[in-house]
Amino acid sequence: MKRRLSIKRRVYSGALTGFMYLAVGIAVAALIGIIGFVLYRGLGHITWEFLTTARSALRNTVGILPNILYTLYIIFTTLLIALPLGIGAAIYLNEYAAKRRLVRFIEFVIELLAGIPSIIFGLIGVLFFIQAMGMRRPSLLVGALTLSILVLPTIVRTTQEALKTVPAAYREGAFALGATKWYMIRTIILPASADGIVGGTILAVGRMVGESAALLFTAGMGYALVTNYFEALQTAGGTLTVMLFVYITEHGDFDTAFAIASVLLIIVLLLNIGVKLVKRRLKKI
Amino acid sequence: MNIIRTKDLSLFYGSFQALRDINLNIPEREITALIGPSGCGKSTFLRTLNRMNDLIPGVKITGQITCHGEDIYAHGTDPIALRKQVGMVFQKPNPFPMSIFDNIAYGPKLHESLSKPDMADLVERSLRGAALWDEVKDRLKKSALSLSGGQQQRLCIARALSVSPDVLLMDEPTSALDPASTMKIEELMGRLKQNYTVVIVTHNMQQAARISDRTAFFLTGDLVETGRTDEVFSMPRDKRTEDYITGRFG
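Those sequence lines, one after another, are chains U and P. For the first sequence, my numbering gives the first residue as 10, with consecutive numbering after it. For the second sequence, my numbering gives the first residue as 1444, with consecutive numbering after it.
Please keep in mind that the hints were generated in silico from the structure rather than gathered at the bench. Please read all numbers here as calculations on a predicted model, not as lab measurements. Think of the CB as a built atom: it goes at the ideal place given N, C-alpha and C, for glycine as much as any other residue. Wrong hints could be hidden among the right ones.
Stated by the list, open to error - Sample of chain P residues lacking proximity to chain U, with all beta carbon distances greater than 10 Å (derived):
| no. | residue |
| --- | --- |
| 1 | SER1453 |
| 2 | ARG1472 |
| 3 | HIS1518 |
| 4 | GLY1519 |
| 5 | ALA1524 |
| 6 | MET1531 |
| 7 | ASN1537 |
| 8 | PHE1544 |
| 9 | SER1558 |
| 10 | ALA1574 |
| 11 | LYS1636 |
| 12 | VAL1667 |
What the hints assert, rightly or not - FRET-style restraints, in silico, Cβ to Cβ:
| no. | chain 1 | residue 1 | chain 2 | residue 2 | range |
| --- | --- | --- | --- | --- | --- |
| 13 | U | TYR238 | P | PHE1455 | 54 to 60 Å |
| 14 | P | LEU1588 | U | PRO93 | 38 to 44 Å |
| 15 | P | GLU1555 | U | TYR105 | 56 to 62 Å |
| 16 | P | GLY1482 | U | THR189 | 55 to 61 Å |
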């Protein structure tokens, strides 16, 4: 009786272990397969001209310089809007808000916001910023405003988590010396949680780089080269992911799409390395 | 001269009464030790003296505390000015995650703007005051977190001294330290009382007997007995004090 149970268990345990190896194997293989396939199809089409010129119908050449610029502009503008709002909200929720029930309600709403499909943000961007606020047509600014709402939950949550890691003893120490609350937050809490906030910010940038649904109808699909930042804000311009979509659906140009995908993968890789470096540097003291 | 007096001081956490009608005078330039078993209210009492309990929601205080004759809970009393006058050192050393120099300069920067040489001077004086200068003078720019536990605690004492308080509150300042560091801090306290009034919470009765001039014994929110330390330890008036200091409970 005992012996049979033991064999049964051993078989069961062996099967589970095997299943876990299989699951990990499939996940890793899928990841490496996708990355490898994209780079294999895309890297060969990345040329100097591709990275440094705009698309030209006359010369029939393809270039993504405007779209790289638009992507950077949108990231910069979104951070400009969302960082103060997100960090401010997190500081309020963690350090100031006295009513626990209100805080929990707001946190719940933020969680909900984080779970909404991004195409809905795009829809809201069109309805609210373009129609209701009278901006009339898609532009990088409308795209950045829409993305700001999209990444706000990420920034608020990660900042809150970072603030929570600051030991209560630091706060007490500062208060005991006669610091005001805001002074204490500015000089102790924010520096001590900077690595977490930067980490969350880069995570948010990652989301922006990968976003397309929310930008398709808010930022537009333009590809004219506009280098002036303020002019570009009022121009409709496609980010890299949006252009990837456009090249496939409108031109059937898979080579360019894979080249853009490779550029995106490289950007994401660099971002991840950036997070690690920044965190290590900020942890020094 | 009593620098701090409390009159019928009671404190409530919500509906729980943590302190009951405490009447205690704290004389100037002496060390007053607060002793008693865990949960007796001694730390809570200490924290009422610089209004650190203000930070805890749901705390209600009745009665009166005066410092230099002024009611510290009166309407219009600035807790920030009070905390400059009444400094505090905590149980676990809590240096800020910045350089040794910046730790000391943090407090003064709050209250006045000093020139660079003046600030350097003040940092040196504070560190000398806490008997730490000789050990750290060559690495003021190094992180305060690189110091040993005992050094960190003396840094915290120096940080408290930097805003030139009259009173120094110490909440079990040596309970997280090894015996050698503890001895250094006890020596330091002996010197500090020449210029400062020290109120120390301690779990260690030998420590209270060694260093303090006066002792106050707390039990479940009541101040049972207070007097000169030698008297409290050699002939306690209350049976409960005797039981506690002879180790019958606690």
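The hints, checked one at a time:
no.	hint	in the structure
1	SER1453	holds (23 Å)
2	ARG1472	holds (21 Å)
3	HIS1518	holds (19 Å)
4	GLY1519	holds (17 Å)
5	ALA1524	violated (7 Å)
6	MET1531	violated (4 Å)
7	ASN1537	violated (4 Å)
8	PHE1544	holds (13 Å)
9	SER1558	holds (20 Å)
10	ALA1574	holds (20 Å)
11	LYS1636	holds (20 Å)
12	VAL1667	holds (28 Å)
13	U:TYR238 <-> P:PHE1455: 54 to 60 Å	holds (59 Å)
14	P:LEU1588 <-> U:PRO93: 38 to 44 Å	violated (30 Å)
15	P:GLU1555 <-> U:TYR105: 56 to 62 Å	violated (27 Å)
16	P:GLY1482 <-> U:THR189: 55 to 61 Å	violated (32 Å)
Checked against the numbered hints given earlier, the structure breaks hints 5, 6, 7, 14, 15, 16 and satisfies all the rest.
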